[in-house]
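Got two chains here, each in a separate frame; can you build the complex from them with the hints?
Residue numbers (my numbering), protein chains in the order written: chain Y, 1 to 168; chain W, 1 to 409.
Just so you know, the hints here were simulated from the structure itself, not pulled from any lab data.
The reader is advised that the hints may include incorrect statements.
What the hints assert, rightly or not - Dumping the calculated DSS-like pairs for lysine-lysine here, alpha-carbon to alpha-carbon at most 25 Å:
1. K62(W) to K48(W)
2. K92(Y) to K97(W)
3. K62(W) to K92(Y)
4. K149(Y) to K62(W)
5. K92(Y) to K42(Y)
6. K290(W) to K183(W)
To be verified - Example chain W residues on the side facing chain Y (calculated, C-beta under 8 Å, incomplete):
7. V34
8. Q36
9. G54
10. A59
11. E61
12. K62
13. Y70
14. G340
15. E341
16. G354
17. R363
18. R367
19. R371
20. Q379
21. D408
Stated by the list, open to error - Pairwise CB distance ranges, derived in the manner of DEER restraints:
22. I331(W) to V128(Y): 43 to 51 Å
23. G362(W) to D49(Y): 35 to 43 Å
24. G362(W) to D140(Y): 32 to 40 Å
25. R206(W) to V139(Y): 45 to 53 Å
Where a beta carbon is used, it is the ideal one built from N, C-alpha and C, also for glycine.
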Amino acid sequence: MSQLTNEQIRVALIDKFGDVFTEWSEPLGMLTFAAPKDMNLKVLQFLYDEESLSFRFMTDLQAVHYPDRIGEELCVVYHLHNMRDNVRIRFKVYTDVQAPDVFSTTALFAAANFMERETYDFFGVNFVGHPNLIRVLNVDEMDYFPLRKEFPLEDQTRVDKDDEMFGR
Amino acid sequence: MPIMSEDILLPEGAGEKQTTTLNLGPTHPATHGVFQNILELDGERILKATSTVGYIHRAFEKIAERRPLYQITPLTDRLNYCSSPINNMGWHLTCEKLLGVQTPKRVDYLRVIIMELARIADHLICNSIVGVDSGAYSGFLYLMQYRELIYEIYEEVCGSRLTTNIGRIGGFERNFTNTAFEKLEKFLKEYPEQLNEFEKLFKRNRIFMERTIGCGPISAERALNYGFTGPNLRAAGIDYDVRVHTPYSSYQDFEFTIPVGTTGDCYDRFLVRQQEMWQSLSIITQAYKKVQEFKGQEAEVYHADTPAYYLPEKKDVYTKMEALIWHFKIIMGETAIPPGEVYHAVEGANGELGFYLISDGGRTPYRLHFRRPCFIYYQAFPELVEGGLLSDAIITMSSLNLIAGELDA
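Just chain W, same shape as in the assembly (with noise of 0.2 Å):
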């Protein structure tokens, strides 16, 4: 029997109306992510887009109101889990600077190793996935496999990959291995050649190029009004980076320049990535060197001397009183927060992530905040495809690299 058109159950009007409504999203293999965006389109035109979020949402700022400092790392993982290090060392430098911990210049350029690392992790599965939104799939894998070596590099120092917890207040949670450092200088050997050749496969490709000139931009005021930061405020033109502006973890030791664009759009972007990634490799190639530096007792330094914050060592808590007591105090969560209220950014790789953290002295937050760099540019998202076919939306949504957990928190 066939189906006959009253047998189908259309919204009121939909017969009438001229334009179609798309759901694109939440799982929509497109949006990399769950989003959903409602968009009205007139044949291939975008009319008018709606976006909707929230379908991961996990209450992390309410649950970390009931945990100790260093049970609140792992939530920090899921925010953007792309560059996890990156939120773990944030969160760690909030709680530094609220209990006033000194950590040691070598801790310092071990982090700062670890989290340009993260950025470089990012912004090529970023990239890449512009590439493979515009039609190109070779070069996201070829740049893959060394997220798989930056992710054993990770594995090395804190045994695990994706959502990685790594460190702890005060440092890490063990030195760096000879395995790490080796993995570390194959990174820095082969990367190079094979960053050049991935820029060489896009950068002066006519299709991408016509694909992303011009395809979602945005002016350097509008940026700003939206609060955009990150890579993609600077494609608009600003050289705004946290890591310039309010260096931590010791960047100011380090020699590198604020990549910025003109236009805004999608190429503006994927190019102010690219040239971060050479800039984050000039970063740990720099970091290295310094580490390298540190011989002998020095070189042993991988946290700092802080009992009160900082889990100490297994063959101690058997051994020594002293040890026995932070040990337990530390995991039972019986350390109390000095009151207080820190607000601490990092250069996210997608932007300025922010931790606003209120203590009234107890034992866990009493308020914690982050500013995830997404849910504040993912505004912008309507302003930027309105007008646009329905292909540049989503180039545009992957050039802003949305990450979903980091969205919704």
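Just chain Y, with the same shape it has in the complex (with noise of 0.2 Å):
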């Protein structure tokens, strides 16, 4: 069997879809690309079906955030895995923090719900079409998305705080 290459994954997606394609890119070898928000589904469906591409299997889940992006400011990233040719790649989408719509994956994998929910959690990317999205590892209270960057950690040499119990 032939292995897989980045190159041909590109002239795939390429040949499908058209030049919607943005930051193509292979940081050590990792073939990364971006694609507009509302067509994630489109393309992971196409990974997943393609048999040549089979991309059947999904990694990790998460989002980034880029505060001074505008009007893109959260990237969801999806790290997928064709585990017959043994080829990764990276998927981007970005969206404005504004209205984080991104739809959701859990249809196509079922891996998908935790980790969806976590970064919700983490970063309120909206997933539509989740069945159950709510907070997972924070409180439920909780009234903001912690791991985006306007939420510096608290700076080790504060003094303005007296808490007895720790000596500060």
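Pasting the structure below:
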């Protein structure tokens, strides 16, 4: 069996969807690309169904917050794995932090359920179509999304806090 | 005065309901960790299970955004704390991949020894706990002695036992002492016998087989869809092992097989773990042999030559200017990380443990995400136990090898 190369994946994707992809790169050998956010399900479904690609294992799903990229502050990153040819790819979609709606992939990958809940929990990405999009690790009453960059960690040198128990 | 039934506050509709709601956890002794499962029971049969996680969430991903690379290693200890060396090594390997550090062969082999010891420590706990949960306590006691011996080896190498913080970016903090090797030899000599005895106790034990066969099964297809990795996926019949598919730390130099099961039930998971321990023993023997082949100057190599990330020896810090500068820069976290993004996975004791690290060229990661195998396969738990008995749920939970620390990160 011939080994699936990054170039073949790239050609297959461009053949199917045209030139909608951006940010093609290969950091340390892993093919990375981004697509418009309303296409994420179509792209993932194509990568899953197409026999020559068959990316049928979702390794990981998480988000990254880039406050400087106006209009596309939140980036949802999917790591997919083709176990037959042992190829991994990284697929990104960017979304506006004001309207962070991204289609849920739970129908395609059962594994995405908790991972999307976690991403919602920390970044507030609203996965449209998720069966149970509630916080998973943080308390239910929390009213902010802690991994966004506007919440810096507490400065370790602050002196205005008086805590008798911990001696600060 | 007798307590009247109207004095007890029950949830609305509880009197009319025909089923029982049971909170299994978060502090139930049989859950081995802080998870809560709300089970809806009809007699002893589980109709519905809802799992709640997050009781020991410690926001490691956020904390890591303020720490230089070497200070993140102690955070990884606390993921799967039954096999922290694997997490530590996985993290070092991720950093090395991003920084472009090449480790010497001897370091790779020493790492393999430590990682496989950690895998054995993890599997032996998991398997003996499956035994405890099915009513056989003695196997646990006998195997536990050997976890103690493994911990003594860690102690010789890095000074700590459970949360090891073992190794550095580029290698180990110190060379293995003779005592460490002696203890390793003792382990290699005595453990097989003990493991054999343990296996005899369980493998064809009628009671154990009846408790575990057909309990919490999953098909290969569902397991893949649920993102299973590690022994749980292999028990379902898929021979995926990161050590073989994307070898790291010179795993390609060793001969070993990937044990697989067929049904993905508790019994198969038990057998796969059992076989993996034998494979790990064989890998350790091979690695130890390779380590012994290094003689003279070569046997002194225990780290890569990367002064920017590897702490210099303390006596050099006091006498050499350059070493002092590096020491200061590393300790103060003043070394910039080259920009880039990297995903690196290692075969953790319960599945593919991945680190996704994004650096923007600063001194700390811009974003770090841990792919925790537990968190991902725990989603399948309701599907595994629904329709089964309450006691099956407990065995299924322990045979999935769920570690709360890893689940909640």
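### Query
Any of the earlier hints contradicted here, and which numbers?
Numbers 1, 7, 8, 13, 17 - these are the hints that the structure violates, sorted from lowest upward.
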